[in-house]
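Single-letter residue listing:
2 protein chains.
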Amino acid sequence: MREDDTAQRFMAEALSLARQAAEAGEVPVGAVIVRGGAVIARAANRTEEKKDPTAHAEMLAIGEALKAVGGWRLTGCDMYVTLEPCAMCAGAIVHARIQNLYIGTEDPKTGACGSVLDITGDTRLNHQPHVEKGILREECSDLLKCFFRQLRRK
Amino acid sequence: MREDDTAQRFMAEALSLARQAAEAGEVPVGAVIVRGGAVIARAANRTEEKKDPTAHAEMLAIGEALKAVGGWRLTGCDMYVTLEPCAMCAGAIVHARIQNLYIGTEDPKTGACGSVLDITGDTRLNHQPHVEKGILREECSDLLKCFFRQLRRK
Numbered sequence: 001m002r003e004d005d006t007a008q009r010f011m012a013e014a015l016s017l018a019r020q021a022a023e024a025g026e027v028p029v030g031a032v033i034v035r036g037g038a039v040i041a042r043a044a045n046r047t048e049e050k051k052d053p054t055a056h057a058e059m060l061a062i063g064e065a066l067k068a069v070g071g072w073r074l075t076g077c078d079m080y081v082t083l084e085p086c087a088m089c090a091g092a093i094v095h096a097r098i099q100n101l102y103i104g105t106e107d108p109k110t111g112a113c114g115s116v117l118d119i120t121g122d123t124r125l126n127h128q129p130h131v132e133k134g135i136l137r138e139e140c141s142d143l144l145k146c147f148f149r150q151l152r153r154k
Numbered sequence: 001m002r003e004d005d006t007a008q009r010f011m012a013e014a015l016s017l018a019r020q021a022a023e024a025g026e027v028p029v030g031a032v033i034v035r036g037g038a039v040i041a042r043a044a045n046r047t048e049e050k051k052d053p054t055a056h057a058e059m060l061a062i063g064e065a066l067k068a069v070g071g072w073r074l075t076g077c078d079m080y081v082t083l084e085p086c087a088m089c090a091g092a093i094v095h096a097r098i099q100n101l102y103i104g105t106e107d108p109k110t111g112a113c114g115s116v117l118d119i120t121g122d123t124r125l126n127h128q129p130h131v132e133k134g135i136l137r138e139e140c141s142d143l144l145k146c147f148f149r150q151l152r153r154k
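So the sequences go chain by chain: L and H.
For reference, each letter of the first sequence is one residue, going 1 to 154 in our numbering.
For reference, each letter of the second sequence is one residue, going 1 to 154 in our numbering.
No wet-lab data here; the hints were simulated from the structure.
The model shown is predicted, which means the values in this text are computed figures rather than measured ones.
Please note: incorrect hints may appear among the correct ones.
Pulled a few chain H residues facing chain L out of the computed Cβ check, cut under 7 Å [what the hints assert, rightly or not]:
| no. | residue |
| --- | --- |
| 1 | A38 |
| 2 | V39 |
| 3 | K51 |
| 4 | A92 |
Calculated pairs, PhoX-like style, for lysine-lysine (alpha carbon to alpha carbon, straight line, at most 20 Å) [what the hints assert, rightly or not]:
| no. | chain 1 | residue 1 | chain 2 | residue 2 |
| --- | --- | --- | --- | --- |
| 5 | H | K67 | L | K50 |
| 6 | L | K109 | L | K67 |
| 7 | L | K145 | L | K133 |
| 8 | L | K51 | H | K67 |
| 9 | H | K154 | H | K133 |
| 10 | L | K67 | H | K51 |
| 11 | H | K145 | H | K133 |
| 12 | L | K67 | H | K50 |
| 13 | H | K109 | H | K145 |
| 14 | L | K109 | L | K133 |
Idealized CB from N, CA, C, for every residue including glycine.
Could you put the whole structure together from the sequences, leaning on the hints where they help?
Written as structure tokens, this is what we have:
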């Protein structure tokens with residue numbers, strides 16, 4: 001399997017979680033964390049359900065992954081997330097030492113991995129994950145666009 | 001009571017939590033969240049205990065405060081924190097709509113409220129808390145300096 005296929009396969013898992021979130025009335029964002037070729041954490045955005053603006057997919061996935069590895073760093077772990085992380089999540093990704101960060105689509109409003117801010121690329125902070133954008137970009141972007149279009153119709 | 005005295009009184013509570021954290025071997029940072037003149041959440045840094053690099057005092061205090069108000073915004077709430085929040089915590093403070101953010105001492109390495117980044121002052125994001133720095137600055141700063149000095153001696 002080519003490397004591109006691997007990235008797309010894991011992003012498809014994140015996208016599937018995002019779709020489930022949309023069905024539950026949540027802004028559709030999903031994230032998985034992978035270590036050694038296996039998914040060790042899966043999460044979707046749950047801000048509405050938990051009434052908690054910090055319950056983003058990335059934060060929940062990091063919490064799950066930390067439990068899975070039993071440690072307090074995610075060195076050697078990769079994250080696949082359908083939407084570019086915000087400042088909070090990008091900061092958490094840096095703290096957790098995620099190695100590679102694969103992003104579906106950019107967030108031009110609050111994206112903190114190059115779009116509005118660049119926290120993951122800031123060499124003044126003590127870790128910089130390798131960042132790749134545009135994995136299944138169209139599917140990730142369309143899911144969000146449809147969700148907000150339907151929301152406006154309600 | 002003058003307004004300054006109120007800020008110092010709440011920062012003294014945050015400082016007391018930070019001191020307890022130091023005794024438990026944690027980097028000494030404490031935070032309280034106040035609404036209508038009453039403390040509704042108290043937390044200290046627990047990254048070591050929880051083996052979780054996201055378990056900063058501010059994140060834990062926001063979680064507690066959200067439970068206390070039963071909602072998913074902390075509109076009208078103020079946070080007092082002994083050390084300038086990092087990118088993750090500053091992002092969470094913006095998401096939670098904290099109204100006033102009182103900071104003890106600056107963090108020249110990772111501070112995201114003006115020192116290294118300015119997430120709380122970024123008008124491209126959808127909320128900007130009012131930020132005041134230097135409440136009991138010397139006490140907050142000394143506690144951290146002593147902690148790291150002792151750590152280096154071990």
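Which of the numbered hints are not met once you compare them with the structure shown?
-> 1, 2, 6 and 9
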